[in-house]
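Going line by line, the protein sequences match chains A and B. FYI, our numbering numbers position 45 of the first sequence as 45, with every residue one higher than the one before it. FYI, our numbering numbers position 145 of the second sequence as 145, with every residue one higher than the one before it.
No lab work stands behind these hints: they were computed from the structure. Note that the coordinates shown come from a computational prediction; the quantities given were computed from them, not determined experimentally. Don't be surprised by glycine CBs; every beta carbon is placed ideally from N, CA and C. Don't take each hint at face value.
Below, in silico cross-link-like pairs of lysine to any residue (SDA-like), each with a Cα-Cα straight-line distance of 20 Å or less [unchecked claim]:
| hint | chain 1 | residue 1 | chain 2 | residue 2 |
| --- | --- | --- | --- | --- |
| 1 | A | 73 | B | 116 |
| 2 | A | 73 | B | 234 |
| 3 | B | 327 | B | 85 |
| 4 | A | 73 | B | 85 |
| 5 | A | 73 | B | 237 |
| 6 | A | 73 | A | 13 |
| 7 | B | 327 | A | 139 |
| 8 | B | 327 | A | 91 |
| 9 | B | 327 | A | 15 |
Pair by pair, the computed Cβ-Cβ distance ranges are [as the list claims (entries may be wrong)]:
| hint | chain 1 | residue 1 | chain 2 | residue 2 | range |
| --- | --- | --- | --- | --- | --- |
| 10 | A | 17 | B | 153 | 24 to 34 Å |
| 11 | A | 71 | B | 136 | 24 to 34 Å |
| 12 | B | 306 | A | 72 | 15 to 25 Å |
| 13 | A | 71 | B | 171 | 54 to 64 Å |
| 14 | B | 37 | A | 108 | 40 to 50 Å |
| 15 | A | 121 | B | 233 | 32 to 42 Å |
| 16 | A | 113 | B | 320 | 35 to 45 Å |
| 17 | B | 270 | A | 108 | 20 to 30 Å |
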Amino acid sequence: MSAALCVSSLGVKLGSRGVLDSVSFELEAGEFVGLIGPNGVGKSTLLKAIMGFVARNGTVTRDEEPLDTLSPKERARAFSYVPQEREVSWPITVQSLVALGRAPHRRGFAALGDADWHIINSAIDIMDLDELRERSAQELSGGERARTLIARALAQDTPVLLADEPAAGLDPAHQISLMMTFSQLAREGRTVLASLHELTLAGQWCDRLILLDGGCVVADGLPADVLTAENLAAVYRVRAHISGTEAGLAVVPTGLI
Amino acid sequence: MTGGRSDWLLLGTLAVTLCVFFILSLVTGPAAISFFESLDALFTGRAGAASIVMQEIRLPRAILGVLIGATLGLSGAALQGYLRNPLAEPGLLGISASASLGAVLAIYTGLSALFSLALPLMALVGAVGAVLLVRALAGRGATTITLILAGVAVTSFAGAMTSLALNLSPNPFAALEIVFWMLGSLKDRSMTHVWLALPFILVGWVMLFQVGRALDALTLGEASAASLGYRLDRVQALVVFGTAASVGAATSVSGAIGFVGLVVPHILRPLVGAQPSRLLLASALGGAVVLLAADVAVRIIAPERDLKLGVLTALIGAPFFFWLIYKQQREVT
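Could you build all of it, start to finish, from the sequences and the hints given here?
Set out below in structure tokens:
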């Protein structure tokens, strides 16, 4: 089977500074993959480079088709992307914000159909936003706004979802429910690639982790194989208590190295 | 999107108000013609002098009021949506200042005295020059900040050249004519002005009305809009050229009229759920209503003194602007 997303020898330079260097990996349909690494190692840049928002070397393909050959609209039907910046410039309602996710599926000036509203409503339900529907998206708390923006990406209903720090600022219950949602999407055959800072969250919920350091992939595999004391020491410069629980791997950083 | 019914109510109300002010504009003027006489004179042409007044003076004035008001409202809404800044206005890109410069040069060189259409034509040339200069300065696919800075640079340069023309004007009458023209007015315009401006204005409207959905997506920032399948370079080109065509043509026949394009989108935004796409048509209708109302007002307030339209809109608009800044300040702190 061809990969849902294949990144090969991807490199990015911002100005004269190399941010990513020959990053390669393949994601299969049905995988929920966590992208981890310390601040500034290029996680956000990698997600942007996959989307084509920054100039890059190397190739990104989907089902063996280079992404650059897709029109912006075709790409938007295949990939959704939740940026780290949670910008909302106007006080639009939560419901109309989520409905923006249907944009790549609309034709001309046609209004949203019943099928569109079905998907929008289910995205609102999944992200637990029903009571906030008519609220201005500018008045939401940080976590509520994050959930609204993720619901927007869910409404886009794409085979591949890229999310940059989607769990940041969420309370534990909503973090877990977000991870459950991503796992569920993966079980439905979609591919989710999310950058994460909380290692326990990554260890418990992701099928696979990709560890970045200095713009390169330094580890790629099952959470238990990536979240090792050696890797955490080398990349994050922390000592950590790593334990297997019934829920999965728990990583508790205990000190600096 | 959402709120379809309340939108039709709002748009319907604005359209009816527009019709009322259009008729008021037709029946207001120094020539003493009664309401029914004037409408009869407009449609039948039997009434001699009254028909000439109606068909050649008041009708073009009312039509230009609608076209220019709608242009200011629409382009203001589009620019605010594109730049995600409620303080953006149609003159931001330097189009109005440069069109004014073109007109001023037509007066300064005496071309407009030789051939009256030289003024709007030179103004259009000024607008074209401005948009080319802004695009050259900012480059294709420029960031919004670069675009604003390029607009500021072009506005300053056009302003400096206008001051130079005033400074060196051959006689006080030319200087006075320049100053009066720059105040902005719809007085004594003919159907020729309408036909000259109309094609550019319509082309500009078509471009600006296309970007509605992209502006909605831009609410979430440029990366999100791009991820939703919008080509931001194309959106920017449509906004810049659409503004240039419509605002350039509008300025070339009326002079620069301030504050309508700033204030109208701002007033209407809460009534359309703050969605940029829904704001476009509402703001176009609202701009036309406000400009027609102001143009009726200048004829009623000071019929003999020729109060300029641009002076009145600024008189009302500037205090509103103070309030806007005050309110924003309050929200930030």
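Here's how the hints hold up against the structure:
1. A:73 <-> B:116: violated, 49 Å
2. A:73 <-> B:234: holds, 13 Å
3. B:327 <-> B:85: holds, 14 Å
4. A:73 <-> B:85: Violated, because 26 Å separates the two Cα atoms, which is more than 20 Å.
5. A:73 <-> B:237: holds, 18 Å
6. A:73 <-> A:13: violated, 26 Å
7. B:327 <-> A:139: Holds, at about 17 Å.
8. B:327 <-> A:91: Satisfied, since the Cα-Cα distance of roughly 15 Å is no more than 20 Å.
9. B:327 <-> A:15: violated, 40 Å
10. A:17 <-> B:153: 24 to 34 Å: holds, 30 Å
11. A:71 <-> B:136: 24 to 34 Å: holds, 28 Å
12. B:306 <-> A:72: 15 to 25 Å: Because 52 Å falls outside the window, the suggested range is violated.
13. A:71 <-> B:171: 54 to 64 Å: holds, 60 Å
14. B:37 <-> A:108: 40 to 50 Å: Between residue 37 of chain B and residue 108 of chain A, where Cβ atoms are some 47 Å apart, the hint holds.
15. A:121 <-> B:233: 32 to 42 Å: Once the Cβ atoms are compared, 34 Å apart, the range 32 to 42 Å for residue 233 of chain B and residue 121 of chain A holds.
16. A:113 <-> B:320: 35 to 45 Å: At roughly 40 Å between Cβ atoms, residue 320 of chain B and residue 113 of chain A fall inside 35 to 45 Å, so the hint holds.
17. B:270 <-> A:108: 20 to 30 Å: At 28 Å between Cβs, range holds.
In summary, the structure is inconsistent with hints 1, 4, 6, 9 and 12 from the numbered list given earlier, while agreeing with the others.
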